[in-house]
Structures are given as C-alpha cells and as structure tokens.
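Visitor: Read in order, the letters of the sequence shown correspond to residues 1 to 126 in this note's numbering.
Bear in mind the hints are in silico, worked out from the structure with no lab data behind them. These numbers were taken from a predicted model, which means no experiment stands behind them. It is possible that part of the hints are untrue.
[As the list claims (entries may be wrong)] Pair ranges (Cβ atoms, derived):
#1 Asp43 / Ile96: 14 to 22 angstroms
#2 Thr122 / Asp43: 31 to 39 angstroms
#3 Glu89 / Ser40: 15 to 23 angstroms
For every residue, glycine included, the Cβ atom is placed at its ideal position computed from N, Cα and C.
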Amino acid sequence: MRWGTAVGPSAGALVLLGALGAPQAAGQPAANAVRVHSLSPGDTVYVLLDGGGHSLAVVDEDRGGVVLVDTKSAGWGRTIADAVSLVTELPVTTIINTHAHGDNAGGNGEVPSTTRINAHETAPAR
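Starting from the given sequences, assemble the full structure and let the hints guide the process.
Guide: Given below as structure tokens:
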C-alpha cells in the first residue's frame with residue numbers, strides 16, 4: 001500500500017463503522033465513523049482520522065499486538081478498536097496518550113483488549 005492511501009476497497013467500505021450500528025436520519029453523517037489510512041509501506045502504521053482528532057495504530061507482529069496512540073473522546077474507543085480490527089487480527093495491547101485531555105484519552109476504557117495504558121496520572125480512568 002502506498003503512503004497516504006486508504007485501506008483496500010473491502011476494508012475501506014467497512015471503516016464507516018457508525019453506519020453498521022444504529023439507523024441514521026437521511027443526510028446525516030455516520031456517528032463515530034473513522035477513516036483508516038496506512039502510513040507505512042509494510043502496512044504496520046495507520047492513522048485513524050475524524051472524531052475530533054487523529055489516533056495512530058502501530059501493528060507489532062513480533063510482540064503480537066497493536067499500540068494505539070490516543071483514543072479520542074469518550075464514545076470513540078470501541079469505534080477505534082473496531083477500525084483497527086479491519087486491518088489486523090492482533091488485539092490492542094497498549095495505549096499511549098499524548099496528554100490527558102479528554103479528547104485524547106476519553107476512549108481509553110472502551111478499548112476492550114488493552115492490557116497497558118501509558119498516560120499522565122490525570123488521564124481519564126478506565
């Protein structure tokens with residue numbers, strides 16, 4: 001996959017995860033939808049766009065997990081985890097929060113498989 005291109009057609013169509021959940025009013029954008037773009041030639045680094053900021057997912061096959069940088073606001077953690085599952089079967093094992101604001105760490109507790117969170121002590125609790 002080339003720099004900045006979207007995930008393949010089948011995965012790209014599924015990334016609008018909000019569309020798979022509750023029905024929407026006509027003309028309304030999907031709630032909690034993220035776009036996934038590969039940032040590396042080996043498809044190991046992905047940026048998750050939309051939702052009031054960006055998150056980053058790094059697939060670490062050697063250690064058997066995904067490192068997720070920032071989880072956006074509360075209500076976005078599960079959406080981000082679902083988007084990551086479109087590009088790898090590996091679980092999210094680590095979250096790194098760039099800072100403790102709710103729009104970067106609010107979704108921490110909604111990522112189901114996480115075993116470790118690296119964040120400032122004032123980040124939202126799980």
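Visitor: Evaluate each hint against the coordinates.
Guide: Now for the hints, and whether the structure bears them out:
1. Asp43 / Ile96: 14 to 22 angstroms: holds, 20 angstroms
2. Thr122 / Asp43: 31 to 39 angstroms: 34 angstroms Cβ-Cβ, so the 31 to 39 angstroms window holds.
3. Glu89 / Ser40: 15 to 23 angstroms: holds, 18 angstroms
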